[in-house]
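S.K.: Residue strings, one per chain:
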Amino acid sequence: MSPPNYQEMIASLERYWADYGCVLMQPYHTELAAGTMNPATFLRSLGPDEWKTAYVEPVIRPTDGRYGENPFRFQHYFQYQVLLKPAPEDVLDLYFASLEALGIDTKRHDVRLVEDDWEQPTLGAWGLGWEVWCDGMEVTQFTYFQQVGGLEIELVPAEITYGLERLAMFLQGKRSALELEWAPGVRWGDVYRESEREWSVYNFEVAPVDILTSRFEEHETECRMLLDRELPLPAYDQVLKCSHTFNLLDARGAISVTERAAYIGRVRTLARKVAQLYVEKIAQPAL
Amino acid sequence: MPSLLFEIGCEELPAPACTEAATQLRSELAKLGRGSVLVGPRRLVLLVDDLPEREPDEWVKGPPENLREKAAEGFAKKQGVGVGDLEVRDGFLGVLVPGRPLLEALPERLNEIVRGLAFSKSMRWDDSGLRFARPVRWLCAKLDDRTVEGFGGSSYGHRFTHGEVPVPSAREYLDALRAADVEPDPDARLNTIAEGLRKLGLAEPNPKVLAEVVHLAEWPTVLEGTFAERFLSLPRRVVETAMESHQRYFPLESNRFAFVANGGDPATVIAGNEGVLEGRLEDASFTFERDVAKGIERLGEESARITFVAGAGSYGDKVARLEALVDALGGGDASREAARLAKADQAAELVREFPDLEGHIGAEYARLAGFPEAVCAAIDEQYLPDSAGGPLPETETGRVLAAADKVDSLAVAFGLGQRPTGSRDPYGLRRAAIGLCRLALEGNLELDVAALSARAHQLLVDQGAELKDDASEVAEFVEERLEGMLEAPVEFVRAARASGVTELGGIARLAEALAASADTEEFEQAYVAYDRANRLAGKSDGAAAELDPKLATDEAELALITAVAGASPKIAAALEAREFDDALAAAAELRAPVDRFFDEVLVMADDAQVRANRLRLLLDVRDAVGALGDLAQIPR
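For the protein sequence lines, the chains are A and B, in the order given. FYI, in this note's numbering the residues of the first sequence are 1 to 287. FYI, in this note's numbering the residues of the second sequence are 1 to 636.
No lab work stands behind these hints: they were computed from the structure. Since the structure is predicted, the reported quantities are computational estimates derived from the model, not experimental observations. Incorrect hints may appear among the rest.
Below, computed lysine to any residue pairings styled on SDA-like, alpha-carbon distance capped at 20 Å [claimed, not checked]: (1) A:174 with B:274; (2) A:107 with B:390; (3) B:121 with B:137.
Chain B stretches covered by chain A per the calculated footprint, using a threshold of three residues with CB under 8 Å from any CB of chain A [stated by the list, open to error]: (4) 6-17; (5) 132-138; (6) 264-275; (7) 279-292.
For each residue, glycine too, the CB sits at the ideal point set by N, CA and C.
In isolation and in its complexed conformation, chain A is listed as follows (with noise of 0.2 Å):
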């Protein structure tokens, strides 16, 4: 059986997902660093109710872009991100059969489980789990979350994250996720080759530094006055917004050390207020 191109792969996980009971959801429509800044995991991991996702998330990390020259890093990737919250006992179990789905044996690799920490200190959270190996690939990694926006979790969930490119390099055996078929006669670096070059020049070269400082100014101004407004989503795209206008002054070199933390403190402070506004307002049975 010959392996799935890029698009049949996140097919075969959207098949998967949906067939567990996973809502599927849609990229989010702003810039994330990663598929937990999504609302449909920040947020709904918070509270007491139930819920399983499973979403594509592109994610846009500007000081990881190598202006397309690098077979490894981009500054414009996508993860596949599942949430299940609860964490089911057998989590682990479906996580392998998912892979399996993939056309993975598991019995002809060697997959492994291995120590993880993961925090993110700017939204306040942290959980542990591991990262995911395939003969030495990491594949995915895989976390029980303990605390989101500074708040102890009620209801642990498992988070899920796949990295596509990876798995997908791992899946048909290339080395450059340039390389990897995307569809027939398509390959990934066809499509965003050029893409990362550009953006490559404007995240490091080009990314207005004066404007994007005052823009920083500007979102979390509105964040604070939509969070007095009692509106936690529409504020929290304020958070989502500070944090990737933070990371292109990082990327543009415009951050000291000091300053750094500084800039990382206040979308903390705001995305611990989003959280518990969200847990008052919103993730409280209705009366």
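Model the placement of chain B on the given structure of chain A, informed by the hints.
M.R.: Here is chain B on its own, set in the frame of chain A:
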């Protein structure tokens, strides 16, 4: 006697959690009997060979016998026995509660063990309230062939090749698991791995990697792979770091490497791992070439703008301080050049990728730029020694730079009010201090920590650092480390630290010399002279600021003044020359005039001026002998 198997089945535990659990389970085992503790990624196992059939009987002590009338009935009722069942032991009423049969007692005991295990990082995963390093998924307990009530009678084999494994009896547990591709015994896994590596020509594998991979596989096999020869042009350390830091591989000679797998088809698994390593090497070589294209000088300029520590300026400021400190340490041009380039690699992409390469990769970039080997080696060695027993820099320039770097880091941390407290030492300052002591003792570097740290502090102030404290406590902090490092008893080290010798190696040798001569006549004489003077005058605040010989009237007083004037410079000169025996001999000469002074002269004279002058004379005696150290620290 029956055997017990107790297995806590988990999702994959990190290696440190396995180690933490093993320690705690061993102390549980000691309470139960003989047996073994086996730990691994998916199971923590307690095997007990000879469990008694019943728990031991327990004597429950009640009220004293003389209160029988008042209290016996209540006590008996509480224990659920009749008054007639109470016995008397040692004047107290009590009841002997027979131990429960083991099968009855075990469920509670075993559950307590699970709940009692503590981990430095633990988590919740459901609403059971249990905290553990990773989720617990099954508990299997067998007493011989009986399944303990409330527990399972089955284990689980290798995650991908075997499912549920019924355990017929405690004694058959290991065989059942081994037949299901699980080796529960970590020592057996370690042997398999070590043997496999030895066959591939690796006799001394990296112990850190080894300790981790033992707990990364339940059915380990050692496999060998190769990578493309073109990566051999990368510095060896870069190649090895890429293998070890993330992949947990073992570098072999040339372009070969070994790794531990947990199963799978060997050819498939090897091909996969080779691809991953080549990817990592590709990445490293891409980064390496970008750094090299910039060159060490430009990296130096870039790093100069990076903040070293908030409040203490940039790496540029740090380098300026290092240059001044290596000068103060008597380093030559090569040391100064090494200091100038020491932190350039903080701007290297490769260091951001692999922090362990700091120093080493800077040295590599300096070599590529054609700097002399003395300069490159010093850059390479600047963080040594990086562990308690780790090697010292081999080159003189390296020792000088390593000492300067440590003194500066200590002065910065103390200046910012971040000295270590209790077990908190985030900047590794104790290690730095021990490193300085070893550089002095084993590296024969002359280190006056008080002077050097004061200099570093002054430089920081001149650079505009916003400091809370000065560096006056740095020397004390470093010298305290000597106490645990020398043969001489602690009291002698403390005494020597208070001497006129301020340089680390000198303090150490003085402490050893004092300890070695503690039983000699000279030591006794010097000690008595010091002690008598110190006892009377040490705590007095009535002494004159300076001795006025004209106020001396008695012959004994004049004799002591003459003796001190003679001995004091002799002692100082001998100390300066590190002739500690001579210094001690000179100090010993003061004993006789001190004794005579106390016999013949009344220190607390009526005349205030005379009294103050005599107290001053005694303080001068104390200080002259005290140049050898605070002898009052030494118990006699």
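S.K.: Among all the numbered hints in the text so far, which are the ones the structure does not match?
M.R.: Hint 2 contradicted; others consistent.
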